[in-house]
Structures are given as structure tokens and as C-alpha cells.
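S.K.: Protein chains in written order, with our numbering: chain A, 1 to 346; chain B, 1 to 346.
No wet-lab data here; the hints were simulated from the structure.
Just so we're clear, the structure is a prediction, and the values are computed from it rather than from any experiment.
Accuracy of the hints is not assured; some may be wrong.
The list treats identical chains as one, so a pair stands whether inside a single copy or across any two.
[Said to hold, decoys possible] With a cut-off of at most 16 Å between alpha-carbon atoms, the simulated EDC-like pairs for lysine to aspartate or glutamate come out as follows: (1) 147 <-> 270; (2) 147 <-> 271; (3) 177 <-> 223; (4) 147 <-> 219; (5) 177 <-> 338.
Protein chains: 2
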Amino acid sequence: MNVPFVPTSGMLSLPQPYLLFLGDTKEPSYAKTAFGLRDWAGEACVGEMVCGEGSVTAGLPRLTPAEARSRGARSLVIGVANEGGVIAESWLPSLVGALEAGLDIVSGMHVRLRDIPALAEAADRHGRRLIDVRTPPAKLSVATGRKRGGKRLLTVGTDCALGKKYTALALARAFAKRGVDADFRATGQTGIMIAGGGMPMDAVISDFEAGAAEMLSPDAAPDHWDVIEGQGSLFHPAYAAVSLGLLHGSQPDVFVVCHRPGRTRVMGLEDFALPSIEEVIELTIRLGHRTNPAIRCGGVSLNTSSFDDVEADQIIAREGEKLGIPAADPIRGGPAFDALVTACLG
Amino acid sequence: MNVPFVPTSGMLSLPQPYLLFLGDTKEPSYAKTAFGLRDWAGEACVGEMVCGEGSVTAGLPRLTPAEARSRGARSLVIGVANEGGVIAESWLPSLVGALEAGLDIVSGMHVRLRDIPALAEAADRHGRRLIDVRTPPAKLSVATGRKRGGKRLLTVGTDCALGKKYTALALARAFAKRGVDADFRATGQTGIMIAGGGMPMDAVISDFEAGAAEMLSPDAAPDHWDVIEGQGSLFHPAYAAVSLGLLHGSQPDVFVVCHRPGRTRVMGLEDFALPSIEEVIELTIRLGHRTNPAIRCGGVSLNTSSFDDVEADQIIAREGEKLGIPAADPIRGGPAFDALVTACLG
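Just chain A, same shape as in the assembly:
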């Protein structure tokens, strides 16, 4: 993928490189954002910082905000979550210290940074920015439906939270390895931090949903690929509006269906059966056709993290055979994933 990412006008743009803040968390599962940044935007992370005693580590150099600043860091990114999605009182001295040292603060948490008086006051005093990546840019446009230059791939899903971001990142990286000019286009908070910019599609006002997706992947050269992180599912009773606006505005040439084998009900809405992969392919083509009549399915991305290697290989082979299109788990990679990449590039 293109690094550093250069956001185009209108979308969120984050000050990189980062200092990763891990708080006083001892539970690795709370530090997923930091691990994601290390794994997918390692070149944009100069170090990590903890507070209090004991903490998880992302394996990066431990730096003070001043040290990080001297190594080029431009912002501190809150890389941990905790229960309730709040900024802990115990974190505030560290965060204020970062502002004093000349770093902006970037957060993907539900609470808005500016609503915390100590941070708002320190940011104003030191002329620093508080950036909530869940807050969309102020000026969005209504979609035009106009066909844009360049190629686009969108990851779609049978449900939420089963690998659409990971799949898009892995495909963008694989495209780049083959010498293809490609950008990962982020639509959720972690993806936006990884990319250094993007569009928080679920926080956009509905009237502008497709328009925001158009802004996210602007006109490009004919051989350029935007690999766009999907959101929700066209079959999700709560989030289908997000998925459809993103599909229409992205006007993808290719989509990849993400699925987690074994999941049979919509997560959190157990009354609703998950659609089959075939149903997702058919409906995505049907609806995506409206803004790109050439839309096609590139293949299937299967999240097999809950299976052992033998089971996973069997599942991947079986699904690919059943559907007659490439199937792979991007985390496992291998020839199956190579075949998926080849099919997507067409």
C-alpha cells in the first residue's frame, strides 16, 4: 500500500507518526488498537507509552512524550479500550503531558476528547489538537453517482465484526507486493488510525452516506486500486443503511465477501439468521449494479481463527468448491490467498 498515505481533501487526516498510549491496562485484549497499529502501520509508530505500574506492551520502545516528539512523533494515539469506553482518570496526567510536549491526541473512543475539561484546557493552552476519529469531517456532499477513474474493491460481509477491515488491509498489502498502486481506504476508527485518515461511515448523516463514500475514494489513475474497508452488512437489521450507502458511493468494480464459518445468527440479534454467502453475493451485485454495472465478486474471505489448521484448510477448500470462486483466510495466507488476490485483480 502507499505509505505514507496522503488523505485527499475532505476526509479525516491524522498527524503521523504516532506514540502509542497503552494506559495502565494489564489485559492484552484491551490493546487491540495498539496491536493493529503496530502490525499494519508499524512505520508510523515511533514508540509506546504506559502509565502506572504494569501494562501490556506492543513491543515498541518505551518513550516519554518528549522523547517521542524528538523522534518525530506528531500525535499520541490512545491504543487501548477499557470497559465503558471511557478515558480513565489515571490516564489524564500522561495525556496532558503529551499535549505539553507538543503532541496532538487521537482517540477512537466513544467519549469525545473535548468533553474532558482537563484535556480541552491543556490542548487550548498549548495550541494542540484533540482528534476524535469517530467524528466525520464537517463538510460532506450529497453523492452524484458520477463514475470515477481508477479501480475499487470493497469488502462486504455476512455480518459485523468478522474480518472486513483485516481482509481489506491484507488485500491492499498483497496488491502492493505485486507492484500494484493501491490505497487502503478506512471507514472505521481503527482502520482510520492505521491509514492515517479516512471516513467514519457509521457516524455520517444518512443523507450524505453515499456522498461520503464518494469522497473517500476520489478519482484516480486508471491502474490505481482503492481497497475499501466494508461496514456492517446489507442483511443487518440495524446497519444495512451504512452498508448500502457505502456500496453505492464506493461503486466497486470488485467485492470480496467476508464470513466467519460457524456463525449462523446475526451477532447480538439472535432472532435473525445470517444470510448465506451466495445471498450476499447476489444482493451485492444486484444493488451495487446501480452505480457500477461492471461489479463482480472476487471471492470469499473466511475468518477461520477458531479452527485448527486441518479444519481450516478443509473449510476453505469446501467453500471454494461449493461457490466456484476463490476462498481464502488472509491470516493464513498461502496459495489460496494468492489465488484470491489474482482473481480480484482480474
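Got chain A; can you put chain B on it based on the hints?
M.R.: The following block gives chain B in isolation, referenced to the frame of chain A:
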């Protein structure tokens, strides 16, 4: 329909009855909002008010704000638009006078009332409210998909701006005339003013779109009907997200397709052909099925305002025969509309 309308918790609620403000407009087409309120919420309009010399009239008594207040008015509604959707400087003395007389101000214009210093200051001084009906309620929920009690009808369209609000109003009124307990549920600014409450669906954040639609038509008695104003079109390249969230959250038992015969391209997006009525029926059933497997098409509402009576009758008869379902123009009424109402009630 039920008058006065009692908004349930969570949705916008407007202080009725109204004094209609017509400004200094001389052009009747700019006063559509006032005429709509007179025609559909006449019992909620105590009078009208102009400023400057010469103005259109809605045919209501001309009252000062103090007179209107003494007749029970609780708010002044801006019933005119002008080019640019702004509040004219020349209107400000009248609007401030209304606040002084004890009226709130209700606006559906793009500019926010509170962003006009003279109004914000006067409202604060007199303890009055400035209500922008384009601003959704603060606390919205994510949709649950749970089946609610009562019956629901949603108007859908081949495009924007061809009669979805009018059709829903006419159906709600016709239901009430037959003794059916029915509420019109408004989703756009004019509809919300008419109903005295509702949900501005196009201004809701995408993640909450279906949830907002669920709030708009809450649990009801088994024989109660909510007749819900549609928005956009599932085939609209910019607004389909709004339409799909509204469809999923409304979980309609019945929908009526609204179309304007003669329109062949999407309004404002001439590159896009309008879908056929058959395509809209099929896709609405397909997508609506997700939250209500019993969804069915009640018939077709045709806006024949650009045709003479003979042509209109021919068009209505031809479409009904071709589709094999009731077709009518609610403005023209007659036996065709009666048949549509009967088919909707099932």
C-alpha cells in the same frame, strides 16, 4: 387520522397550534409549507401573519403574535421558503415580536434558528424555544429488529419528490374516515410540521437510521395503523441508505409505490434511469422481508398532476391493468383511490 397527534417519547414534538408566518413573499410557490399546513393540519393553524407590504395568503385570519397567542397559538411556524433557504433580515422584527408575545418558533429551513444571533438572544431573554425540525432528537438507539405490535404502511418511490408524503397523508385520512385508528408518521420537515412531530430521517446518523425508524412507529394495538411517510428511493444513488434504514426500521406490513408518470430519469441525476414500478415492488419486498416476512404491496400511487382528467384516468387504468394491483392518484380520489385504500387495509 388521530388529531391532536401525540408524539411518543424520543421523537420530535412541536408546540401546536400554530401561527403561520408568510414573510413578505409574493410568490405562492414559495409558500408551499404554509399551504400544506392549512390543507393537512388546518385545525392546528389559528391564523397567518405577514410582514412588509403585499404577501401571499393561506386564507386564514391575519393575526398579530399577541392575538394568535390569545387564541391559543403556541408557536410561529415559518411557512415560506425563499431562494437560498435563509431567514431574511426583513423577517427578524416579526420573528422577535413573536418570541416577545410568548410564541416558540418552528423552522424547517436549512439555516439553524439558533445560529441567528438576534433570534437566539430574544429566545433566551423570553424563555422561548427555537425548534429546527431538521435536527433529530439527541438520543437515538440502534435498531433491534424486534417485531412490534400494530400494523404499518410505508410509502416508497421510484424517485424523490413525487408524492410520498401526500400519499401517506391521504391514506391516513382515508383510513380514519373508515373508522380505522391511524397515525400519519412524518419523516421530513413539512410532514413533521403537519403531524406536530416525527423524525427527520435524512438528518439521522447512519448507524441509528433503522433505530430512528423503530422509534417513529412504536408498539401499538393490533388494529392500529401507522402510515409512514417514505423518503428517497432504494434505487437513488445518493439517498438509498435513508430509504433502506427507513424500510428496515418501519418493518411495514404494506407498502404503496409512488410514481410520477412521464418521469424517466432520476431527478437531478439524469445519467440514471428511473426504475420501473415492478422493479421497486420486487426490491422493496426482497429487502423489507428481512424485518417483516409478511410484507406486501398494497398498490400504486400515481402523481398525474401534469395531465388532464382524461389522460390521467387513462394512465391510472393502464398502470393498474398492467401491474394487476390497484392504482390511483390520491389527489383525484374517486373509486380508484377507494380500491387502493381497501387493498391496503387487506
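S.K.: Could you run down the list of hints and mark each one as holding or not?
M.R.: Here is how each hint holds up against the structure:
1. Taking identical chains as interchangeable, the C-alpha atoms of residue 147 and residue 270 lie at most 16 Å apart only when they sit on different chains, with a minimum of 13 Å there against 39 Å within one chain.
2. When the C-alpha separation of residue 147 and residue 271 is checked against a cutoff of 16 Å, the pair qualifies only between copies, where the shortest distance is 10 Å, while the shortest distance within a copy is 39 Å.
3. Taking the shortest Cα distances, residue 177 and residue 223 sit within 16 Å of each other inside one copy (15 Å), while across copies they are farther apart (62 Å).
4. In this homomeric assembly, residue 147 and residue 219 come within 16 Å of each other (Cα to Cα) only inside a single copy, at 9 Å, whereas the closest approach across copies is 43 Å.
5. For the identical chains of this complex, residue 177 and residue 338 are intra-copy neighbours only, at 11 Å inside a copy versus 66 Å across copies, given an alpha-carbon limit of 16 Å.
The structure fails none of the hints (numbered hints given earlier).
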